[in-house]
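Starting from the known structure of chain A, fit chain B onto it as the hints suggest.
The listed protein sequences derive, respectively, from chains A and B. Take the first sequence: its letter number 97 is residue 161 in our numbering, and every next letter is one higher. Take the second sequence: its letter number 48 is residue 92 in our numbering, and every next letter is one higher.
Treat the hints as calculated values from the structure; they're not laboratory data. Please note that the accuracy of each hint is not assured.
To be verified - Here are the computed lysine-lysine pairs in the DSSO-like style, where the Cα-Cα straight-line distance is at most 27 Å: (1) A:K102 <-> A:K133; (2) A:K102 <-> B:K81; (3) B:K127 <-> B:K49; (4) B:K81 <-> A:K133; (5) A:K133 <-> A:K143; (6) B:K127 <-> B:K103; (7) B:K66 <-> A:K124; (8) A:K143 <-> B:K49; (9) B:K49 <-> A:K102; (10) B:K130 <-> A:K145; (11) B:K127 <-> A:K124; (12) A:K102 <-> B:K66; (13) A:K145 <-> B:K127; (14) B:K135 <-> A:K124; (15) A:K143 <-> B:K130; (16) B:K130 <-> A:K176; (17) B:K81 <-> B:K121; (18) A:K145 <-> B:K135; (19) B:K49 <-> B:K135; (20) B:K49 <-> A:K133; (21) B:K66 <-> B:K81; (22) B:K103 <-> A:K176; (23) B:K103 <-> B:K135; (24) A:K124 <-> A:K176; (25) A:K133 <-> B:K66; (26) B:K127 <-> B:K81; (27) B:K121 <-> A:K176; (28) B:K127 <-> A:K133; (29) A:K124 <-> B:K130; (30) A:K124 <-> B:K49; (31) A:K176 <-> A:K133; (32) B:K49 <-> B:K81; (33) B:K121 <-> A:K68; (34) A:K143 <-> B:K135; (35) B:K81 <-> A:K145.
To be verified - Quick look at which bits of chain A chain B covers, simulated, 3 or more residues with Cβ under 8 Å: (36) 67-81; (37) 90-101; (38) 113-123; (39) 131-138; (40) 172-179.
Note that the structure is predicted; figures quoted are calculated from it, not measured. By construction, the Cβ of each residue, glycine as well, lies at the ideal position given by its N, Cα and C atoms.
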Amino acid sequence: MLNKVNKVLLLNNLLNIIFIYMEKNSTTRSSLSEAVYKNVGLSRNESSTLVDLVFNEISKSLIYGGDVKISSFGTFIVKSKNERIGRNPKTGEEVPISARQVVTFRPSNVLKSEVAELSNSNNLNSENN
Amino acid sequence: MSLIKSQLIQNITDLNPHLYIKDVERIINTIFSEITKSLAEGRRVELRGFGAFSVQHRKARIGRNPRTGAAVEVEEKYIPRFKTGKELRIKLNSSTNSQPSKPSTDEAQ
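Excised from the complex, chain A in its bound form (with noise of 0.2 Å):
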């Protein structure tokens, strides 16, 4: 028979569990902030906000026309598409695709090689005969 603690602690654990699950595959804004929180020293809920104000701070300089360099990580770029005619693949019918503006990545050399070195592990593991 289950009381409400045990009910309280099981939904607590499945919680943690879906939590621990999630962190595995793929990282979030409150992981980042969880980073900042443990190497910074501010409060849980300031380091949140300061993760949300970062990444304000970024998209504002690229609405405005910025690129921004984040040295050893990569370049955000601005990019200005032409209006081009565009093809619905399904109906063969053409529509007309406005010019518009996107942002691309450049990785610098430093992210780069430290993704590179995921494929030097995986072939480790997988030349480990």
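Frame of chain A, contents of chain B only:
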């Protein structure tokens, strides 16, 4: 005109006068090293409204030296990718003819 990391640190310190520039520097470095770490472990980084970083696999292939035409083996590799988030994409295009004179204040704080 582009925004570089040191300027970003300065802007955020200006918005948070109670923080030291050292702290803000630490916050920003933590954020980007955490993203790098995630990607290096092969995990996606999703930032709602901003975009998502992911790791893409490139198969090994036979490339060519464009100068000599000689076949070169290109090893398989992983590369970081960024996809712009919906909210940012919409904002980029609603502010047509970017006007740096009128920064939006509604998202400060």
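Satisfaction of hint between K135 of chain B and K143 of chain A, Cα-Cα up to 27 Å: The hint holds at about 14 Å.
27 Å Cα cutoff - pair K145 of chain A, K135 of chain B: holds (15 Å)
Distance restraint between K103 of chain B and K135 of chain B, which requires alpha-carbon spacing of 27 Å or less: violated (35 Å)
Pair hint K133 of chain A and K143 of chain A, alpha-carbon separation not exceeding 27 Å: Holds: K133 of chain A and K143 of chain A sit about 15 Å apart, inside 27 Å.
Pair hint K143 of chain A and K130 of chain B, alpha-carbon separation not exceeding 27 Å: Holds, at about 16 Å.
Given pair status - K124 of chain A, K66 of chain B, alpha carbons within 27 Å: Holds: K66 of chain B and K124 of chain A sit about 23 Å apart, inside 27 Å.
Given coverage of the stretch 90-101 of chain A by chain B, tested with a Cβ cutoff of 8 Å and a minimum of 3 residues: It holds: at least three residues are needed, and the stretch 90-101 of chain A offers 8 whose Cβ sits within less than 8 Å of chain B.
Agreement of K127 of chain B and K124 of chain A with the hint, judged by alpha carbon distance not exceeding 27 Å: holds (17 Å)
Pairwise hint evaluation, K81 of chain B against K127 of chain B, where the allowed Cα distance is 27 Å at most: Holds, at roughly 18 Å.
Given pair status - K133 of chain A, K127 of chain B, alpha carbons within 27 Å: Given that 27 Å is the threshold and the Cα spacing comes to 17 Å, the pair holds.
Within 8 Å of chain B (C-beta), three or more residues of the stretch 67-81 of chain A: violated (count 0)
Given coverage of the stretch 131-138 of chain A by chain B, tested with a Cβ cutoff of 8 Å and a minimum of 3 residues: holds (count 8)
Going through the hint list in order, the structure does not satisfy hints 23, 33, 35 and 36.
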